[in-house]
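For the sequence shown, numbering that gives the first Met the number 0 begins at 0 and goes up steadily by one.
In case anyone wonders, no lab produced these hints; they're calculated from the structure. Take these hints with a grain of salt, some might be off.
[To be verified] Simulated restraints on C-beta separations:
(1) Thr60 - Leu23: 23 to 33 Å
(2) Pro53 - Asp26: 12 to 22 Å
(3) Ala22 - Leu50: 27 to 37 Å
[Said to hold, decoys possible] Calculated pairs, SDA-like style, for lysine to any residue (alpha carbon to alpha carbon, straight line, at most 25 Å):
(4) Lys47 - Ile36
(5) Lys47 - Leu20
(6) Lys47 - Ala14
(7) Lys47 - Leu21
(8) Lys47 - Leu23
(9) Lys47 - Val16
(10) Lys47 - Thr60
(11) Lys47 - Leu34
(12) Lys47 - Thr37
(13) Lys47 - Ala22
(14) Lys47 - Arg25
(15) Lys47 - Leu24
(16) Lys47 - Asn31
(17) Lys47 - Thr35
(18) Lys47 - Gln15
(19) Lys47 - Glu72
(20) Lys47 - Thr33
Just so we're clear, the structure is a prediction, and the values are computed from it rather than from any experiment. Just so it is clear, CB atoms sit at the ideal spot from N, CA and C, and this is done for glycine as well.
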Amino acid sequence: MTNAKRDEMASGNRAQVEQQLLALLRDEDDDNFTLTITHSDGRWTVTKISLDDPASQMQGTGSDFAEAWHLAENPLFKPT
Numbered sequence: 000m001t002n003a004k005r006d007e008m009a010s011g012n013r014a015q016v017e018q019q020l021l022a023l024l025r026d027e028d029d030d031n032f033t034l035t036i037t038h039s040d041g042r043w044t045v046t047k048i049s050l051d052d053p054a055s056q057m058q059g060t061g062s063d064f065a066e067a068w069h070l071a072e073n074p075l076f077k078p079t
């Protein structure tokens, strides 16, 4: 895969992740949660904790925000 193709796919992936993030923030049915996004030492971490059920924490860490987001939403996600 060429770098240009990889960049094109990453750009589309970022747009999809941004839409998912906005949908989560706008969702009125799930308004009792904490969302933390951190960037440290070149790694992104996304953590979502339901305040109604703290045991339902989701967390993902990746080399970019999209990877971390997908891993938090779906722990079985494998980046390409």
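Right, here's what the structure says about each hint:
With their beta carbons about 18 Å apart, Thr60 and Leu23 fall outside the hinted range of 23 to 33 Å. Restraint check, Pro53 to Asp26: a C-beta distance of roughly 19 Å satisfies the suggested window 12 to 22 Å. Take Ala22 and Leu50: their Cβ atoms lie about 19 Å apart, and the range 27 to 37 Å is violated. With a C-alpha separation of about 9 Å, the suggested pair Lys47 and Ile36 falls inside the 25 Å cut-off, and the hint holds.
Only pairs whose Cα atoms come within 25 Å are accepted, and Lys47 paired with Leu20 is accepted, the gap being roughly 11 Å. Between Lys47 and Ala14, the direct Cα distance comes to roughly 20 Å. Compliance with the 25 Å bound is thereby established for this hinted pair. Between Lys47 and Leu21 the CA atoms are separated by roughly 14 Å; this keeps the pair inside 25 Å, and the hint holds. Restraint check: the Cα-Cα separation between Lys47 and Leu23 comes to about 10 Å, which is no more than 25 Å; the hinted pair holds.
At most 25 Å may separate the alpha-carbon atoms for a hinted pair to count; Lys47 and Val16 meet this at roughly 15 Å. For a cut-off of 25 Å, the pair hint linking Lys47 to Thr60 stands: about 12 Å separates their Cα positions. Restraint check for Lys47 and Leu34: satisfied, since their Cα atoms lie roughly 5 Å apart, inside the 25 Å limit. Taking the CA atoms of Lys47 and Thr37, the gap is near 12 Å; set against the 25 Å cutoff, the hint holds.
Distance restraint check for Lys47 and Ala22: the Cα-Cα separation of roughly 14 Å lies within the 25 Å cut-off, and the hinted pair is therefore satisfied. Our distance criterion of 25 Å between C-alpha atoms is met by Lys47 and Arg25, whose separation comes to about 15 Å. Of the pairs offered as hints, the one joining Lys47 and Leu24 holds, with about 11 Å between alpha carbons and a cut-off of 25 Å not exceeded. Restraint check for Lys47 and Asn31: the C-alpha separation of about 10 Å stays at or below 25 Å, so the hint holds.
Simply put, Lys47 and Thr35 have alpha-carbon atoms about 6 Å apart, close enough for the 25 Å limit, and the pair holds. Annotation: proposed proximity of Lys47 to Gln15 holds, straight-line Cα distance about 18 Å (limit 25 Å). Of the pairs offered as hints, the one joining Lys47 and Glu72 holds, with about 9 Å between alpha carbons and a cut-off of 25 Å not exceeded. In summary, the hint linking Lys47 to Thr33 is supported, as the alpha carbons are separated by about 6 Å, within the 25 Å threshold.
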